[in-house]
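**Student:** Sequence:
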Amino acid sequence: MATPSIFAQISTIMMFYIDAAMVGSLGAQASAAVGLMSSSLWVIGGLCSAAAMGYAVQVAHLIGAGNPAAARQVMRQSYSVTLATAATIATVAALISPHLPMWLGGDPAIVDDAALYFLILALALPCLQLSMLSGAMLRCSGNMKVPSVLNILMCVEDVIFNFFFIFPTRELSLGAFSLTVPGLGLGVVGAAAGTAAAEGCTCILMTYFAAVKSKTMALWQEKGSFKPTLSVVRKALKISLPMAGQHLAISLAQIVTTIIVAPLGIVAIAAHSFAITVESLCYMPGYGLSEAATTLVGQSIGAKRPKLTLSFARITTVLGMIVMGIGGVAMFVLSPYVMAMMTPDAAVQNLAVNILRIEAFAEPLFGASIVAYGVFVGAGDTLLPSCMNFFSMWAVRLTMAALLSPHYGLYGVWIAMAIELSLRGTMFLIRLQRAKWLKKHDFSYRKDPPQRA
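Plus 21 on top of the position in the sequence shown (first one is 1) and you've got my numbering.
Think of the hints as simulated: they come from the structure by calculation, not from any bench.
Owing to the predicted nature of the structure, the values given are computational and were not obtained by experimental measurement.
Glycine included, each C-beta is placed from N, C-alpha and C at the ideal position.
Take the hints with a grain of salt, since some may be wrong.
To be verified - What follows is a list of derived Cβ distance ranges for each label pair:
no., residue 1, residue 2, range
1, I336, G206, 45 to 53 Å
2, A361, L195, 27 to 35 Å
3, P365, G206, 28 to 36 Å
4, I336, L125, 41 to 49 Å
5, A130, R191, 20 to 28 Å
6, V339, A361, 28 to 36 Å
7, S301, L405, 23 to 31 Å
To be verified - With a cut-off of at most 27 Å between alpha-carbon atoms, the simulated DSS-like pairs for lysine-lysine come out as follows:
no., residue 1, residue 2
8, K461, K259
9, K259, K457
10, K256, K457
11, K259, K325
Using the sequences plus the hints, can you model the full thing?
**Tutor:** In structure tokens form, the structure reads like this:
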């Protein structure tokens with residue numbers, strides 16, 4: 022179940038790399054314009070994902086309980102509520118788009134391109150929200166393959182649209198042959214338009230497969246209302262709000278980390294950026310397994326089978342630790358070769374390799390925290406895990422990084438990160454083992470009540 026999601030996560034990262042390379046070919050100003058807005062867009066995307074999960078978890082519980090009709094009714098309500106929310110966020114984002122690049126300290130030479138880039142993607146936000154929501158509904162109904170394939174297809178579409186939107190009409194030589202390739206030559210605006218077009222295509226397909234084609238979730242199977250009810254919205258907010266708060270806290274923490282790293286010099290900044298990029302490939306499988314854990318745990322709780330729930334929770338978490346442990350070994354061994362491909366600067370290469378090797382030791386426990394969080398989301402238990410992530414990030418990582426960086430430079434920042442990830446993973450494993458998150462659910466008609474894992 023997790024394999025398609027893992028490949029989808031990896032393909033998304035690869036799309037980001039290819040996208041950045043295509044924009045980067047336009048020059049430093051184009052890259053800076055896109056980079057300036059990336060953090061803001063990441064925050065908005067995370068809020069959309071949190072909104073979708075508030076309803077998707079309820080759907081997983083209802084399907085597990087053998088009540089697909091009620092699951093479809095929740096799905097109807099989710100469309101109306103999340104689309105209204107996305108439209109509101111898009112409107113606010115569009116209104117502030119002319120000013121946001123300046124608020125972020127952008128150079129006057131790039132603020133116009135940055136504002137247009139943000140505006141186009143902000144206007145496409147309802148499509149992104151609908152795609153995320155429909156994909157989450159499919160996954161929580163047990164269909165991991167279709168949303169994963171469509172997300173991979175979106176990555177391919179993004180590259181194709183960018184190819185024609187970013188660059189002007191040009192001649193391409195293939196040996197003795199030459200070919201005229203049409204193009205709009207829109208530059209940074211073309212990059213945003215290409216991504217928005219890919220999101221729109223994926224939105225249509227994802228919604229079709231979820232609301233029309235799916236045997237479990239197709240809405241035509243009975244009449245129902247799209248009007249939200251208080252009980253469903255309240256449950257959704259109970260799940261979504263902690264996730265959204267955690268996402269905002271992590272986003273702010275990343276900004277603070279950048280502030281800590283910035284005084285360490287150009288080499289440290291470059292090495293830090295490259296190392297984060299490389300490490301992201303290592304933990305994408307963990308997020309794929311986390312999505313699978315959310316579905317399996319959610320449906321098992323809905324079916325009132327606590328022992329099966331605990332088994333799925335343990336198996337997926339251990340598997341996440343194993344997979345990310347293997348990724349950590351690969352990162353330790355292969356990092357010199359990967360960094361040699363990413364930058365010719367020997368000083369940056371050496372520093373990035375060393376900090377990646379520090380981080381490699383924390384990958385198994387990082388995997389535990391990622392997958393266990395997916396378990397808790399599937400159980401509808403997001404408040405305390407989100408608080409745990411917040412505490413770990415702010416009280417441990419940032420505090421230690423601020424204390425160690427003046428003495429050990431970038432090594433101190435990444436030592437703090439490795440310690441924090443290890444501590445976070447340990448906390449999540451302890452909470453998973455105690456199984457108090459499971460005792461919040463009613464398994465009264467089963468003979469096997471919640472037990473300690």
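**Student:** Given the hint of 23 to 31 Å, is the C-beta distance from S301 to L405 inside that range or not?
**Tutor:** Given about 27 Å between the Cβ atoms, the range holds.
**Student:** Given a hinted range of 28 to 36 Å, is it respected by the beta-carbon distance of P365 and G206?
**Tutor:** Since the Cβ atoms of P365 and G206 sit about 30 Å apart, the hinted range of 28 to 36 Å holds.
**Student:** Taking the beta carbons of I336 and G206, is their distance inside 45 to 53 Å?
**Tutor:** holds (52 Å)
**Student:** Is 41 to 49 Å right for how far apart the beta carbons of I336 and L125 are?
**Tutor:** holds (43 Å)
**Student:** Assess, step by step, whether the Cα of K256 is no farther than 27 Å from the Cα of K457, and give holds or violated.
**Tutor:** holds (19 Å)
**Student:** Hint says 28 to 36 Å; check whether the CB-CB distance for V339 and A361 agrees.
**Tutor:** Hint holds: Cβ distance 34 Å, inside 28 to 36 Å.
**Student:** Are the Cα atoms of K461 and K259 separated by 27 Å or less?
**Tutor:** Within the cut-off at roughly 14 Å; holds.
**Student:** Quick check: does the Cβ-Cβ distance between A130 and R191 fall within 20 to 28 Å?
**Tutor:** Taking Cβ atoms as reference, A130 and R191 lie about 25 Å apart, which means the hint holds.
**Student:** Between K259 and K457, does the CA-CA distance stay at or below 27 Å?
**Tutor:** Holds. K259 to K457 sits at ~18 Å (cutoff 27 Å).
**Student:** Going straight from one Cα to the other, do K259 and K325 come out at no more than 27 Å?
**Tutor:** holds (21 Å)
**Student:** Is it true that A361 and L195 lie within 27 to 35 Å of each other by Cβ?
**Tutor:** Between A361 and L195, where Cβ atoms are some 29 Å apart, the hint holds.
In this structure, every one of the numbered hints holds.
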